[in-house]
Amino acid sequence: QQQVKQSPQSLIVQKGGISIINCAYENTAFDYFPWYQQFPGKGPALLIAIRPDVSEKKEGRFTISFNKSAKQFSLHIMDSQPGDSATYFCAASSRSGGYQKVTFGTGTKLQVIP
Amino acid sequence: EPEVTQTPSHQVTQMGQEVILRCVPISNHLYFYWYRQILGQKVEFLVSFYYNEISDKSEIFDDQFSVERPDGSNFTLKIRSTKLEDSAMYFCASSLDAELEAFFGQGTRLTVV
Chain A
1 QQQVKQSPQS
11 LIVQKGGISI
21 INCAYENTAF
31 DYFPWYQQFP
41 GKGPALLIAI
51 RPDVSEKKEG
61 RFTISFNKSA
71 KQFSLHIMDS
81 QPGDSATYFC
91 AASSRSGGYQ
101 KVTFGTGTKL
111 QVIP
Chain B
1 EPEVTQTPSH
11 QVTQMGQEVI
21 LRCVPISNHL
31 YFYWYRQILG
41 QKVEFLVSFY
51 YNEISDKSEI
61 FDDQFSVERP
71 DGSNFTLKIR
81 STKLEDSAMY
91 FCASSLDAEL
101 EAFFGQGTRL
111 TVV
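Respectively, the protein sequence lines represent chains A and B. Numbering follows our numbering, in which position 21 of the first sequence is assigned residue number 21; successive positions increment by one, without gaps. Numbering follows our numbering, in which position 58 of the second sequence is assigned residue number 58; successive positions increment by one, without gaps.
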């Protein structure tokens with residue numbers, strides 16, 4: 001029940017296209033859903049996060065869509081750029097469990113080709 | 001920009017040996033964490049630490065693991081008797097508050113042979 005399932009495992013998108021990564025969770029106690037971006041040789045870095053009281057959050061080219069009833073959330077990267085090529089992890093945590101005791105998804109390796 | 005720094009970047013050790021992974025969190029942060037990432041797999045929470053004691057740990061963090069804040073700046077993860085399956089990238093992270101963003105270091109790649 002602690003799992004966060006993420007798909008696809010890898011994604012190739014042309015420059016300017018939309019990258020979409022999907023995640024699903026089971027634990028209804030989760031109330032914080034961050035996305036992390038990881039470049040090779042670096043640690044994960046927080047990209048954007050959402051709480052379940054909103055259905056969408058947008059920051060620049062990055063948008064999280066959240067469907068509480070389906071227990072699903074997704075990351076959309078608009079106008080994808082080669083510099084966005086990285087591994088993306090969705091994650092979840094809860095106030096009761098400790099926000100930083102984050103359960104990560106399995107990761108999506110995104111490659112944006114020129 | 002302040003950052004979490006980890007040393008060494010890569011450590012190779014023989015099975016059964018003790019290793020200490022070191023981290024210098026961001027200076028005014030109060031919460032410290034260790035995560036690990038086995039090659040090609042997801043990042044997994046190990047332990048959180050606040051005010052000189054463990055605040056939470058996962059089932060991975062067994063008696064072979066310990067954490068310490070030996071002075072005002074360092075935060076260490078010790079693995080007492082390494083096993084082959086301990087080979088992974090270990091990330092340290094810190095946050096100002098339990099509900100604020102945690103910043104990750106660049107990781108230490110541990111290889112147990």
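It is worth saying that the hints were derived from the structure and are not from the lab. There could be a bad hint or two in this list.
Computed beta-carbon distance windows for the label pairs [what the hints assert, rightly or not]:
1) B:Q41 with A:A45: 38 to 48 angstroms
2) B:V24 with A:E26: 48 to 58 angstroms
3) B:I54 with A:K5: 23 to 33 angstroms
4) B:S81 with A:K15: 47 to 57 angstroms
5) A:A29 with B:D97: 12 to 22 angstroms
6) B:L96 with A:K68: 25 to 35 angstroms
7) B:N74 with A:P114: 20 to 30 angstroms
8) B:Q41 with A:R95: 45 to 55 angstroms
9) B:Q41 with A:K68: 25 to 35 angstroms
10) B:P2 with A:I113: 44 to 54 angstroms
11) A:G17 with B:S9: 30 to 40 angstroms
12) B:I38 with A:A45: 28 to 38 angstroms
13) A:I113 with B:Y51: 19 to 29 angstroms
14) A:N27 with B:S66: 40 to 50 angstroms
Per the computed footprint, the stretches of chain B lying under chain A, defined by three or more beta-carbons under 8 angstroms from a beta-carbon of chain A, are [claimed, not checked]:
15) 40–46
16) 89–103
For glycine and all other residues, C-beta sits at the position ideal for the given N, C-alpha and C.
Hint-by-hint comparison with the structure:
no., hint, verdict
1, B:Q41 with A:A45: 38 to 48 angstroms, "violated (19 angstroms)"
2, B:V24 with A:E26: 48 to 58 angstroms, "violated (37 angstroms)"
3, B:I54 with A:K5: 23 to 33 angstroms, "holds (29 angstroms)"
4, B:S81 with A:K15: 47 to 57 angstroms, "holds (49 angstroms)"
5, A:A29 with B:D97: 12 to 22 angstroms, "holds (20 angstroms)"
6, B:L96 with A:K68: 25 to 35 angstroms, "holds (29 angstroms)"
7, B:N74 with A:P114: 20 to 30 angstroms, "violated (43 angstroms)"
8, B:Q41 with A:R95: 45 to 55 angstroms, "violated (27 angstroms)"
9, B:Q41 with A:K68: 25 to 35 angstroms, "holds (28 angstroms)"
10, B:P2 with A:I113: 44 to 54 angstroms, "violated (35 angstroms)"
11, A:G17 with B:S9: 30 to 40 angstroms, "holds (34 angstroms)"
12, B:I38 with A:A45: 28 to 38 angstroms, "violated (20 angstroms)"
13, A:I113 with B:Y51: 19 to 29 angstroms, "violated (48 angstroms)"
14, A:N27 with B:S66: 40 to 50 angstroms, "violated (28 angstroms)"
15, 40–46, "holds (count 5)"
16, 89–103, "holds (count 8)"
In this structure, the earlier hints numbered 1, 2, 7, 8, 10, 12, 13 and 14 are contradicted, and the remaining ones agree with it.
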